[in-house]
Amino acid sequence: MTQIHVTTTVNCDEVEFLADPRETLLDCLRDKLGMTGAKEGCGTGDCGACSVTVDGRLVCSCLVLGVEAQGKTIETVEGIADGEKLHPLQRKFIQHAALQCGICTPGILVAAKALLAQNPDPTEEEVRYWLAGNLCRCTGYDKIIRAVLDAAVEMREGV
Amino acid sequence: MVKVHLWSGLRRFTDGADVVEVRARTVGEMMKALVEAHPGLEPVIKAGVSVSVDGKLIARGLHEPVTDDSEVFLLRQLKGG
Amino acid sequence: MPLDTKTTGFKYIGTRPDRPDGIDKVTGKARYGADAYAPGMLHGVMVRSPHAHAKIKNIDASKALALKGVKAVVTRADFPTGLEGEDWNIQENCMAGEVALYDGHAVAAVAATSLLLAREAAKLIEVDYEVLPHVTDVDEAMKPGAPAIRAGAADYSVPEGLHPNVMRYIEYGHGDLEAGFAAADLVMENTYKTEATHQGYIEPHACLAQLGADGKGEMWVCTQGHWFVRRMSAAALGIDVANLRVTPSEIGGGFGGKTTVFIEPVALALSRKAGKPVKMVMTRSEVLRATGPTSSSSIDVKMGMKKDGTMTAAKVTMRMQGGAFPMAPIDSALDCAFSCYNIPAVHHEGYDVLANRPKQAAYRAPGSPMAAFATESLVDEMCRALKLDPLKTRLQNASREGTKASFGPTFPRIGLVETLEAAIAHPHYAAPLGPNQGRGVASGYWMNWGGETSVSAALGEDGSVTVSVGTPDIGGSRASMALMAAEALGIPYENVRVNIADTGSLGVNEPTHGSRATYASGLATIEAVKQISTKLCQRAADKWGIPVEAVIWEDGSAKPSGPNAGEFPPLTIGELAAEMGGTGGPISGHFEATPSGHGGSFGTHIVDVEVDPETGYTSVLRYTVVQDAGKAIHPAYVEGQFQGGAAQGIGWALNEEYIYGADGRLQNTVFLDYRIPVASDLPMIDTVIVEVPNPGHPYGVRGVGETGITPPLPAVANAVHAAAGVRLRSLPMSPPRILAAIKAKG
Chain Z
1 MTQIHVTTTV
11 NCDEVEFLAD
21 PRETLLDCLR
31 DKLGMTGAKE
41 GCGTGDCGAC
51 SVTVDGRLVC
61 SCLVLGVEAQ
71 GKTIETVEGI
81 ADGEKLHPLQ
91 RKFIQHAALQ
101 CGICTPGILV
111 AAKALLAQNP
121 DPTEEEVRYW
131 LAGNLCRCTG
141 YDKIIRAVLD
151 AAVEMREGV
Chain F
1 MVKVHLWSGL
11 RRFTDGADVV
21 EVRARTVGEM
31 MKALVEAHPG
41 LEPVIKAGVS
51 VSVDGKLIAR
61 GLHEPVTDDS
71 EVFLLRQLKG
81 G
Chain X
1 MPLDTKTTGF
11 KYIGTRPDRP
21 DGIDKVTGKA
31 RYGADAYAPG
41 MLHGVMVRSP
51 HAHAKIKNID
61 ASKALALKGV
71 KAVVTRADFP
81 TGLEGEDWNI
91 QENCMAGEVA
101 LYDGHAVAAV
111 AATSLLLARE
121 AAKLIEVDYE
131 VLPHVTDVDE
141 AMKPGAPAIR
151 AGAADYSVPE
161 GLHPNVMRYI
171 EYGHGDLEAG
181 FAAADLVMEN
191 TYKTEATHQG
201 YIEPHACLAQ
211 LGADGKGEMW
221 VCTQGHWFVR
231 RMSAAALGID
241 VANLRVTPSE
251 IGGGFGGKTT
261 VFIEPVALAL
271 SRKAGKPVKM
281 VMTRSEVLRA
291 TGPTSSSSID
301 VKMGMKKDGT
311 MTAAKVTMRM
321 QGGAFPMAPI
331 DSALDCAFSC
341 YNIPAVHHEG
351 YDVLANRPKQ
361 AAYRAPGSPM
371 AAFATESLVD
381 EMCRALKLDP
391 LKTRLQNASR
401 EGTKASFGPT
411 FPRIGLVETL
421 EAAIAHPHYA
431 APLGPNQGRG
441 VASGYWMNWG
451 GETSVSAALG
461 EDGSVTVSVG
471 TPDIGGSRAS
481 MALMAAEALG
491 IPYENVRVNI
501 ADTGSLGVNE
511 PTHGSRATYA
521 SGLATIEAVK
531 QISTKLCQRA
541 ADKWGIPVEA
551 VIWEDGSAKP
561 SGPNAGEFPP
571 LTIGELAAEM
581 GGTGGPISGH
591 FEATPSGHGG
601 SFGTHIVDVE
611 VDPETGYTSV
621 LRYTVVQDAG
631 KAIHPAYVEG
641 QFQGGAAQGI
651 GWALNEEYIY
661 GADGRLQNTV
671 FLDYRIPVAS
681 DLPMIDTVIV
691 EVPNPGHPYG
701 VRGVGETGIT
711 PPLPAVANAV
721 HAAAGVRLRS
731 LPMSPPRILA
741 AIKAKG
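Chains as they are written, first to last, in my numbering: chain Z, 1 to 159; chain F, 1 to 81; chain X, 1 to 746.
In short, the hints are calculated from the structure, not lab data. Using N, Cα and C, we set each Cβ at its ideal position, and we do this for glycine too. Keep in mind that a hint or two might mislead.
As the list claims (entries may be wrong) - Derived list of chain F stretches under chain X, where covered just means 3 residues or more per stretch with a C-beta under 8 Å from a C-beta of chain X:
hint, region
1, 1-12
2, 20-34
3, 43-55
Stated by the list, open to error - Listed next, the stretches of chain Z that the computed footprint assigns to chain X, with coverage defined by at least 3 CB atoms under 8 Å from CB atoms of chain X:
hint, region
4, 56-64
5, 130-140
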């Protein structure tokens with residue numbers, strides 16, 4: 001099948017790739033751009049391990065076609081830290097031991113960052129429902145929820 | 001003599017006994033003596049068993065010592081997740 | 001092995017430092033199974049049986065091979081014959097021979113230059129099946145007339161007259177059962193059933209394999225145990241283990257399901273045939289259809305109790321299907337069934353049965369949750385009938401040091417009593433409940449494991465230390481190893497680097513399974529780094545010109561042992577390391593053993609639920625895990641194990657199940673339908689770490705990974721009973737089932 005040329009912005013950098021129209025954005029990020037931070041846990045939009053934002057909107061990149069990225073702005077887990085400086089969410093995840101195996105962590109960080117962008121002071125229940133599309137099999141979510149709430153406090157207080 | 005406790009499913013290989021007494025100083029000697037006394041136990045031991053000596057579970061340590069006072073159980077081999 | 005067990009006065013043990021692999025894992029840099037690429041790499045895709053049981057009459061791959069870019073197709077004909085026992089089982093499960101044994105069983109595989117092309121080619125491989133009668137339920141599979149899946153394969157243990165699907169039979173016990181039941185004031189007997197569940201790791205199986213025509217190969221794979229992968233793959237392909245080097249990726253969850261192989265030998269076979277590296281990554285549906293779910297079970301339990309709560313006798317009969325292959329975990333299920341209690345007479349009977357389902361794989365405390373569901377539910381029912389407090393009754397009968405365990409030996413020092421006392425004292429146990437709410441409790445046990453272990457430690461020129469272990473880090477074990485090495489050497493945590501070594505770098509290591517990593521690799525790490533300090537003491541002694549016996553190691557330095565040894569300022573590890581090239585050469589330590597002092601871990605859980613009488617939906621309101629860790633090396637990751645085990649157990653209790661249609665095909669093959677707990681399903685999970693040191697570990701560690709999944713099944717069932725007045729003896733307790741029970745009660 002003929003490949004289509006796609007130009008898009010990923011984590012502030014303009015990138016180009018050729019995509020088969022059947023390939024997902026997740027496939028393109030991983031296999032064409034070498035950005036393997038987003039993970040495929042299900043391929044059906046149920047697990048959230050492939051979460052990225054497209055023009056600021058949280059999506060499962062396994063449910064978006066690569067060709068749909070044309071002209072869009074995409075943010076992935078690789079863009080959360082500012083160089084060597086970790087984002088508060090990343091620091092709090094490490095501090096709270098909010099990851100065990102770590103496979104769901106990239107997606108959860110992207111999703112949590114999107115939550116705090118629109119709701120800087122979420123309740124525990126709001127965090128739980130926002131992250132209900134991100135499966136974690138290791139932690140029972142307790143430490144993840146605590147890390148997100150703690151990061152929110154720090155970001156609000158601008159420490 | 002070391003008293004080896006077997007699980008009761010093994011009684012048909014030991015003429016009905018669920019405790020077998022053998023002369024042995026190590027787990028390895030004990031296994032060998034068990035098979036010599038009751039050849040029917042050979043496939044069981046070959047298939048893999050664990051040995052509990054005084055509450056300590058020994059998987060494959062043939063040199064581990066046993067004494068006449070040891071509490072010895074032959075147990076089914078276990079596997080964790 | 002005599003151990004100088006130290007249980008107090010720690011500097012690093014018990015602290016909560018950042019894990020060494022933390023930054024890699026929060027920035028997306030950590031490389032998991034599917035994150036590897038090789039030059040010239042092909043993509044492999046499996047062809048799977050759509051039938052539960054079918055004879056494979058012919059496989060025609062000509063149309064697939066005619067596609068440009070398709071490089072190889074393999075079937076069972078590409079694998080050696082003549083394997084026996086578990087080697088044959090694994091080979092047969094990875095690639096069906098004459099018969100497809102379950103829906104999803106691999107029958108062929110294809111490698112092509114792109115994944116899309118490989119998928120297209122897989123659809124063009126034509127398989128001619130003759131569909132055979134099938135059976136998926138364990139009780140049905142034992143009935144006369146059920147299709148025999150593998151006649152004549154039963155082992156020595158199966159008495160005559162049983163259905164040929166019964167592969168193994170186990171029977172054991174002690175005490176006078178009849179007298180025990182006669183002495184009881186109340187005897188109750190019930191049947192319980194649990195459905196198969198999947199480990200549900202978020203990372204599907206993935207590998208990148210390369211195998212040459214000379215039998216030399218390499219593999220990158222997500223696994224709990226790469227030496228297992230090496231041995232099993234080599235056996236399935238008939239190559240030498242030493243010629244296959246296996247490197248473990250970071251692993252995205254395993255829970256027992258990644259202690260065996262599925263795609264790995266097939267990827268190697270494709271690579272050998274195509275002459276190029278082959279990457280294989282499973283889809284979620286493949287994971288659910290064809291990798292290890294746990295067994296489903298059907299259990300009869302009978303128990304006798306006096307009015308005051310004293311247990312007098314207990315009997316369990318357990319039937320488990322482990323798919324179309326033997327080795328359902330009846331052994332450990334039976335051993336755990338009554339392990340919490342000191343009962344004078346116990347009897348166990350177990351049947352390991354074949355059914356047309358995928359080969360079961362270990363899942364967190366294999367067998368124990370099912371057994372606990374049956375026995376701990378019955379204990380609760382009896383406490384209700386006799387109006388007894390369920391925790392105090394458990395305490396009254398609890399196994400402790402010196403108790404003759406239900407599975408035979410005498411218990412060494414164990415911590416069940418301490419977990420029960422802590423649970424009774426916990427404010428959760430006395431908190432008020434609202435309408436339609438109920439509280440359940442249950443205890444559980446896992447015996448843990450030691451296993452083959454080989455660890456090396458090497459001293460760097462600046463005094464920092466590299467530790468190489470063979471147990472993949474699934475939940476923070478690098479941090480635990482570094483803490484133990486730091487403690488043993490008296491050097492900062494940050495000065496220890498822990499690597500997970502490949503199969504070419506260490507002796508054989510069993511997987512991270514059986515809750516053994518922190519116990520066994522930890523013990524070996526401590527012993528390996530102690531060899532470094534011993535050697536450093538020798539270097540200091542040489543320098544000072546005094547005998548090595550007069551030198552001690554303390555706080556990261558060699559020191560004279562006392563005033564008689566001489567007046568020398570301490571030599572730090574950094575000073576000694578900087579000079580090591582000139583004082584005798586490189587310094588390292590190595591330790592290998594199959595340590596056997598792993599102590600079992602007991603846990604007690606308390607759960608509050610609310611059952612909606614209109615819908616039968618159960619909300620979990622509050623949850624508390626109390627468990628014995630022996631010694632918590634990194635308490636945050638110990639809590640994480642407790643919480644994760646509880647969450648998986650809650651999923652098993654309320655929601656998760658394998659649903660088979662009348663055609664024997666799995667109906668819920670995506671996460672939308674096989675629904676594991678999500679964040680909004682659960683409350684915070686409170687934890688209490690009890691520490692009853694294990695004398696078999698230098699710092700008192702007991703494995704903690706598995707016990708936590710055992711109590712939730714019965715604890716939730718007991719809470720549902722308390723909330724809704726109905727007793728569910730079959731899992732999962734999904735809303736329709738609870739609603740039906742409420743309606744039946746009237």
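Status of each hint after checking the structure:
For the region 1-12 of chain F, the stated coverage by chain X is satisfied: 4 residues place a CB nearer than 8 Å to a CB of that chain, which reaches the threshold of 3. For the region 20-34 of chain F, the stated coverage by chain X is violated: 0 residues have a C-beta nearer than 8 Å to a C-beta of that chain, whereas at least 3 were required. Three residues within the 8 Å Cβ limit are the bar, and the region 43-55 of chain F against chain X gives 6, so the coverage statement holds. For a cut-off of 8 Å, the count of residues in the region 56-64 of chain Z with a CB near a CB of chain X stands at 0, and the three-residue condition is violated.
Counting residues of the region 130-140 of chain Z whose beta carbon lies closer than 8 Å to any beta carbon of chain X gives 10, which meets the minimum of three for the stated coverage.
The structure is inconsistent with the numbered hints 2, 4, although it conforms to all the rest.
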